[in-house]
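Visitor: Next come the chains, spelled out residue by residue.
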Amino acid sequence: MSEHIIELQDVTKYFDDNLVIDHVSFYVKKGEFITFLGPSGCGKTTTLRMIAGFDLPTSGKILLNGKDISLLPPNKRPVNTVFQRYALFPHLNVFDNIAFGLRMKKVVNTYRNQKGEEYSRTEKLSKAEISAKVKKALALVDLEGFEKRAISTLSGGQQQRVAIARAIVNEPEILLLDEPLGALDLKMRKEMQIELKEIHRRLGITFIYVTHDQEEALTMSDTIVVMADGVVQQIGTPTDIYNEPANTFVADFIGESNIFNGTVVGARKVKFCGKTFDCVDDFELNEPVDVVVRPEDIVMCEPEKGALKGTVISVVFKGIHYEITALVGKYELVIQSTESRNVGDLIGMNVGANEIHLMKRKYTSNVFDGVITKRNTVEFADGEFECDVTQLYPGSHVDEEDYLVTASGEKIDLTGVEVSVEIGLNDVSISDDETAGGTTGHIISIIYKGDHYRLIVRTDGEEEEDFVFATDDLWNENDYVSVVIPKDKIKLTLKQTEDKKR
Amino acid sequence: MTRPRFSRKALGIPYAVFLLFFVIVPMLVIVFYAFTDKQNHLSGMNFIKFFSDPTKLSTIAYSLVIALITTAVCLVVAYPVALILARSKMKKKNVILMLFVTPMWINFVLRVNAIRELLNWIGILGEANYFNTILGMVYDFLPFMILPLYTTLLKIDESLYEASADLGGNAFTTFSRVTVPLSMPGIMSGVTMVFLPSMTNYVVSDMLGNSKVTIIGKFIETYFGSDWHMGSMIALILLVVVFLSTMLSGGFKEDENVRGTNL
Chain A
39 MSEHIIELQD VTKYFDDNLV IDHVSFYVKK GEFITFLGPS GCGKTTTLRM
89 IAGFDLPTSG KILLNGKDIS LLPPNKRPVN TVFQRYALFP HLNVFDNIAF
139 GLRMKKVVNT YRNQKGEEYS RTEKLSKAEI SAKVKKALAL VDLEGFEKRA
189 ISTLSGGQQQ RVAIARAIVN EPEILLLDEP LGALDLKMRK EMQIELKEIH
239 RRLGITFIYV THDQEEALTM SDTIVVMADG VVQQIGTPTD IYNEPANTFV
289 ADFIGESNIF NGTVVGARKV KFCGKTFDCV DDFELNEPVD VVVRPEDIVM
339 CEPEKGALKG TVISVVFKGI HYEITALVGK YELVIQSTES RNVGDLIGMN
389 VGANEIHLMK RKYTSNVFDG VITKRNTVEF ADGEFECDVT QLYPGSHVDE
439 EDYLVTASGE KIDLTGVEVS VEIGLNDVSI SDDETAGGTT GHIISIIYKG
489 DHYRLIVRTD GEEEEDFVFA TDDLWNENDY VSVVIPKDKI KLTLKQTEDK
539 KR
Chain B
-19 MTRPRFSRKA LGIPYAVFLL FFVIVPMLVI VFYAFTDKQN HLSGMNFIKF
31 FSDPTKLSTI AYSLVIALIT TAVCLVVAYP VALILARSKM KKKNVILMLF
81 VTPMWINFVL RVNAIRELLN WIGILGEANY FNTILGMVYD FLPFMILPLY
131 TTLLKIDESL YEASADLGGN AFTTFSRVTV PLSMPGIMSG VTMVFLPSMT
181 NYVVSDMLGN SKVTIIGKFI ETYFGSDWHM GSMIALILLV VVFLSTMLSG
231 GFKEDENVRG TNL
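Same order as they appear, the protein sequences are chains A and B.
According to my numbering, the first sequence is numbered sequentially starting from 39.
According to my numbering, the second sequence is numbered sequentially starting from -19.
Zero decoy hints are in this set.
Listed next, the in silico EDC-like pairs over lysine to aspartate or glutamate satisfying Cα-Cα at most 16 Å (straight line):
(1) B:K71 <-> A:D54
(2) A:K356 <-> A:E377
(3) A:K173 <-> A:E209
(4) A:K114 <-> B:E142
(5) B:K69 <-> A:D54
FYI, nobody ran anything at the bench for these hints, they're computed from the structure.
A quick note: this is a predicted structure, and the numbers were derived from the prediction, not measured.
Starting from the given sequences, assemble the full structure and let the hints guide the process.
Guide: If you want it as structure tokens, here you go:
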């Protein structure tokens, strides 16, 4: 139990009515360098702030060494934070900034009186002790001799180091770092990554690091927690996360990926891009799956020797490798290779069975809860759509007064009837014209699947429903769109057998 | 080089003229009167007379005390208000701030009269002259304390409070080691804006102190009825006091800027 220095148990956090952390549970091992990784707004910073004590969980527990600290104020927690924009005190010099925490710290000192009896007193640290500790911390971050400097005279990188020194000088059990390198330029960032790793090694305390930079996470961490939409997507070592992504989100977010729709066609055989490949993952026959292939795992060869045959449509030099895009039938594949090809070349491509990652397809259709309105339309996902209500009762029709007449001639008023609405992945389209569709929302995710994009549109109303669908058109994340669904593609089923009759 | 070179500087001419006739010349006239006697001979008598007259010295000391108390009360009342407003996430906080500041837009004499009527109604007008004077001054000058405090407190980065708590600071230490030092520019400008006028604003002391409370401003007014030379000397001494205190607070502000309050 003591191995788990921090444990989150079913933690949920709302800001007003916004769900930002959705039943998150995980633990942090003592001494490890753990990174919360995810796009902005995924809840990683909120999770960190709850561990620091700046935000309190709405429900669930945060345990420190097995003790519940969920509601403890930040000044009572043995953790220290390196803030995103450093948050150094502008009215204090470097020394006073670093000594800030030490001056408030009380320690128990043991003395011996003249009779030789031991007694202890709770005292503040002496000036000499503080001075020595500050000096040591400054040495650790390579800022010897900066004691008297004003904060405003320091460069961004130096302020960063002061912020780290100010936190670690208190000898916390856990150091929290909230995107600490975000404000630095690339070269400085790389240097600091290595230095932070070194500081972690020297101190041996637990580091919890927040970043949206996947490369930074892969470089520094012992463990990565990938988050999206307030939910933990995957927890694992950098190698695990990179090589065995748990879902298409992780695959797409960490590194470059080719993601295809595939179907399992036999024991360890998967069909995608029109060809059947051997793979190592076991899935049920005919199960639709997402297939992830890393660009560096596609090996180019002579056209006739490859499992796939395609034409090069673009070549980009990236320094260490070339990024080659090839068109295979209607699918686009991205390949990373140290060898170059010319645009228009015919190439063959092979992928080893080990490099084909299959994951269960999360979305095969959209299902919503809806209600039939007076006008025989259906309301769901913050909008109203025209639909064919006669599908609820075989052989029925709608009369002039908008009543449904069943095959047996019974009149039914459908107003307020709850239904389940199902829409296929290929039956949704979106439009720039706000009034074109039944509801509006923003595009929150775009994943390229080789020959099409898979989009997720989240509605803006209070229901915040997600529409998942495929499209050939390229949109931008955060585009404001309206969702269009043809009348005959809305599949309705009754939720309850009890109908309002008349 | 066909553009007229004087174009920008010329814009300053009206103000320079104003400055000359309404500030510099009158100031010189005051200096002239202060150091001459009734026969317009050069004399330092007024200066000696002022500092050897216990009534005059006690009046100036008295004005200082009243101004100090007024400033202290304003600071104590205004700081919590400004802090709560600056740190609250209320959407309507500008409205509340307005409520504190709107009295500034109502005619000053009208406001003092209103307070006078109120005190009369309660029945302490003429009974508690010092209390009434200070009450009137606090009421008058409170907005001048709230506004600068509010604007500096608003500028303090929220994460600094969090940093203090993170480093082990409780509410009190965070306040004394972070909030107060960082709001020092606001405190200084609020103090200057309240302290100086409350030394000289004799309308309040006249109307609410039942003319029993004499502050230095009243003194100057009285002398300008009979002895312009003495009146000028007192005005000049006050000017020096004002100048010195402005220097003091102004110097402080500059220091704050050097240390990067505007970070």
